[in-house]
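Participant: Spelled out from the first residue to the last, the chains are:
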Amino acid sequence: MKEFALIFRLNDIADFKPSPEQMQERMNWLAGIVAQNKLVDKGNTLLPTPGSAQTVKPGNVVTDGPFTEIKEFVVGFVVVRTADIDEAVALAKENPIFKIGGSIEVREVLKQA
Amino acid sequence: MDQPKVHTELLPHLFRQEYARMTALLCRHFGLEHIELAEDIASDTFLRASENWALHGIPDNPAAWLYTVAKNKTKDHLRRLSNFEHRVKDSIRQDEALSEPDIEIDSKIIEDSQLAMIFAVCDPLIASESQICLALQVLCGFSVEEIANAFLAKKETIKKRLHRARADLRSGKFQLNALQESAITSRLDTVLKTLYLLFNEGYFSKSGSQLIRRELCAEAVRLTLLLTGHPSTNTSQVQALLALMCYQSSRLEARLNASGEVILFEDQDRQLWDQSLIDRGNFHLVNACNGEEASKYHLEAAIAYWHTTPTGKNKWEQILPLYTQLLQLAYSPVTALNRAFAYAKVYGNQAAISAVHNLNLTENTYYHALLGNLYTGIDKGKAMEQYKAAIQLSTSPVERHTLLQEMGRVAGSDL
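If you're matching them up, the sequences are chains H and F in order.
Just so we're aligned: the first sequence equals residues 1 to 113 in this note's numbering.
Just so we're aligned: the second sequence equals residues 1 to 415 in this note's numbering.
If you're looking for bench data, these hints aren't it; they were derived computationally from the structure.
Here a beta-carbon is modelled for each residue, glycine too, at the ideal position from N, C-alpha and C.
Accuracy of the hints is not assured; some may be wrong.
Facing chain H, a subset of chain F residues (Cβ under 8 Å, in silico) [said to hold, decoys possible]:
#, residue
1, D279
2, N282
3, F283
4, L285
5, V286
6, A294
7, A302
8, Y305
9, W306
10, Q318
No farther apart than 20 Å at their CA atoms in a straight line, the calculated lysine to aspartate or glutamate pairs in the DMTMM-like style are these [claimed, not checked]:
#, chain 1, residue 1, chain 2, residue 2
11, H, K2, F, E293
12, F, K160, F, E36
13, H, K111, F, E293
14, H, K42, F, D279
15, H, K42, F, E293
16, H, K42, F, E292
17, F, K315, H, E94
18, F, K193, F, D123
19, H, K38, F, E293
20, F, K173, F, E33
21, F, K313, H, E25
22, F, K313, H, D86
Work out the full structure: start from the sequences and follow the hints.
Facilitator: Spelled out as structure tokens, the structure:
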């Protein structure tokens with residue numbers, strides 16, 4: 001089995017605070033993965049709001065948030081365990097984030113030998 | 001509010017909720033060896049309430065009223081006790097005689113003493129069937145008669161079970177006022193098992209009464225929720241158990257018809273499933289996932305998840321490996337038979353029949369019921385024969401009725 005990080009991105013900061021229904025949809029999606037025994041890490045939500053997000057760059061440059069330059073910003077991740085990337089992609093496709101124009105990057109986690 | 005409702009509605013409800021809490025709180029004060037005294041004071045308090053409220057109406061805050069009365073009764077008792085002691089000893093020490101030990105009452109202390117009481121009741125040395133009786137009595141405020149009704153057992157039988165268990169509880173000297181980490185570690189498994197059995201006792205109750213079922217399940221959920229409220233008892237297994245209970249509870253209304261007969265899963269009206277409980281189950285299932293090895297409760301919760309998802313696609317393909325894992329973790333005949341049923345759903349009845357025969361659980365009702373089910377549509381004679389064997393072994397009227405119906409279905413079929 002391999003492990004894949006599913007990295008969630010949004011376009012619009014207004015979509016970050018979900019409605020109770022949206023939260024429930026996400027939870028139901030995640031529960032489906034747990035019920036297949038495929039969730040490795042339920043990960044974290046990363047706050048993109050001012051005061052919670054800064055980017056540090058070379059030359060002692062610190063900018064506010066990730067949103068000034070990058071159009072899509074990361075809002076969180078989870079780690080799943082599947083046989084291959086196709087299966088991980090299939091899990092990602094069921095996520096409700098696409099209803100609000102978000103995207104999911106699927107990346108294999110390098111396992112240290 | 002109409003006065004008669006004091007007796008018929010509010011009081012029994014409050015009694016369940018508060019009697020057990022009050023007893024736990026008072027035990028924290030007196031020590032478990034004096035549990036009878038605590039129960040007497042709690043009962044007296046409710047007696048006072050039923051008399052007083054019927055005459056004067058229900059107070060604004062009934063729970064606060066009850067605790068004030070209980071507190072005063074406790075003070076009276078301690079004063080009498082100390083007066084007596086002083087007279088006997090003939091040594092008057094005014095300061096002690098007059099100082100009234102104060103019982104602290106706030107919601108945190110009430111909750112803490114309930115939590116500690118759960119751990120006191122779940123002594124690994126007490127046999128599990130006695131433990132459930134004890135839990136129902138001490139933690140849930142059920143009377144001996146109510147427990148007997150729930151188990152379809154004689155009152156005498158329940159009394160005997162309780163007598164022994166209570167003796168163990170008194171002599172166990174479990175410290176209620178400070179629940180130790182070591183006690184949590186050594187007893188949490190037993191606590192979970194007891195709550196799991198308590199829930200199942202309700203869910204698969206021999207009693208046909210929907211009210212009893214609902215109450216037992218609700219009590220198990222309430223006590224499990226109490227565990228989640230405390231950092232050191234809110235483990236991933238507790239979350240998984242709670243998820244399982246939520247999923248199962250969501251189908252409680254759909255599982256029985258108006259006359260208390262079991263409605264099989266396939267025939268249930270899904271509109272009656274409680275979506276808010278399914279959602280809560282999902283929440284707790286996700287909370288239960290912490291990357292550690294899946295426990296029995298994790299696996300059972302995952303199986304229950306697949307039974308509550310609306311799509312149901314590939315349901316049995318998902319469930320079969322979960323049962324296989326469960327079987328490896330903790331073998332039980334029921335799990336083996338459940339796995340065989342899932343196997344039949346994935347690979348067909350014919351393939352499953354020989355696997356079931358290999359289990360050779362000929363004394364088990366469900367073994368024959370399952371074979372009856374699998375032979376249906378393949379061999380009518382064998383199906384009837386198996387259902388008959390199951391009916392003969394069954395001790396539950398509700399179950400027998402369901403099996404008779406199934407057999408009737410087979411008898412009426414063409415093949």
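Participant: Give a verdict on every hint.
Facilitator: Outcome of the hint check:
With 8 Å as the threshold, the beta carbon of D279/F comes within range of chain H, its nearest partner Cβ sitting at about 5 Å, so the hint holds. Interface hint at N282/F: satisfied, since its Cβ lies 4 Å from the closest Cβ of chain H, which is below the 8 Å cut-off. A least Cβ separation of about 5 Å between F283/F and chain H falls short of the 8 Å threshold, and the interface hint therefore holds. The beta carbon of L285/F is positioned within 8 Å of a beta carbon in chain H (closest approach about 5 Å), and the interface hint is therefore held.
Below 8 Å, beta-carbon pairs count as interface contacts, and V286/F has one with chain H at about 5 Å; its hint therefore holds. Below 8 Å, beta-carbon pairs count as interface contacts, and A294/F has one with chain H at about 6 Å; its hint therefore holds. The beta carbon of A302/F is positioned within 8 Å of a beta carbon in chain H (closest approach about 4 Å), and the interface hint is therefore held. With a least beta-carbon distance of about 4 Å to chain H, the hint placing Y305/F at the interface is held under the 8 Å criterion.
Interface restraint check: W306/F against chain H, minimum CB-CB distance 6 Å, threshold 8 Å, status holds. For the restraint placing Q318/F at the interface with chain H, the shortest Cβ-Cβ distance is roughly 6 Å, inside the 8 Å limit, so the hint holds. In summary, the hint linking K2/H to E293/F is supported, as the alpha carbons are separated by about 17 Å, within the 20 Å threshold. Between K160/F and E36/F, the direct Cα distance comes to roughly 16 Å. Compliance with the 20 Å bound is thereby established for this hinted pair.
Among the hinted pairs, K111/H with E293/F is consistent with the structure: their alpha-carbon atoms are about 19 Å apart, no more than 20 Å. A C-alpha spacing of about 17 Å is found between K42/H and D279/F, which places the hinted pair at or below 20 Å, so the restraint holds. Between the alpha carbons of K42/H and E293/F the distance comes to roughly 15 Å, so the proposed pair stays at or under 20 Å and holds. Taken as a hint, the K42/H and E292/F pair is honoured in the structure, with Cα atoms around 12 Å apart against an allowance of 20 Å.
With a C-alpha separation of about 16 Å, the suggested pairing of K315/F with E94/H holds against the 20 Å cut-off. With a C-alpha separation of about 11 Å, the suggested pair K193/F and D123/F falls inside the 20 Å cut-off, and the hint holds. Of the pairs offered as hints, the one joining K38/H and E293/F holds, with about 12 Å between alpha carbons and a cut-off of 20 Å not exceeded. Proposed proximity of K173/F and E33/F is supported: the alpha carbons are some 7 Å apart, at most 20 Å.
Only pairs whose Cα atoms come within 20 Å are accepted, and K313/F paired with E25/H is accepted, the gap being roughly 18 Å. With a C-alpha separation of about 19 Å, the suggested pairing of K313/F with D86/H holds against the 20 Å cut-off.
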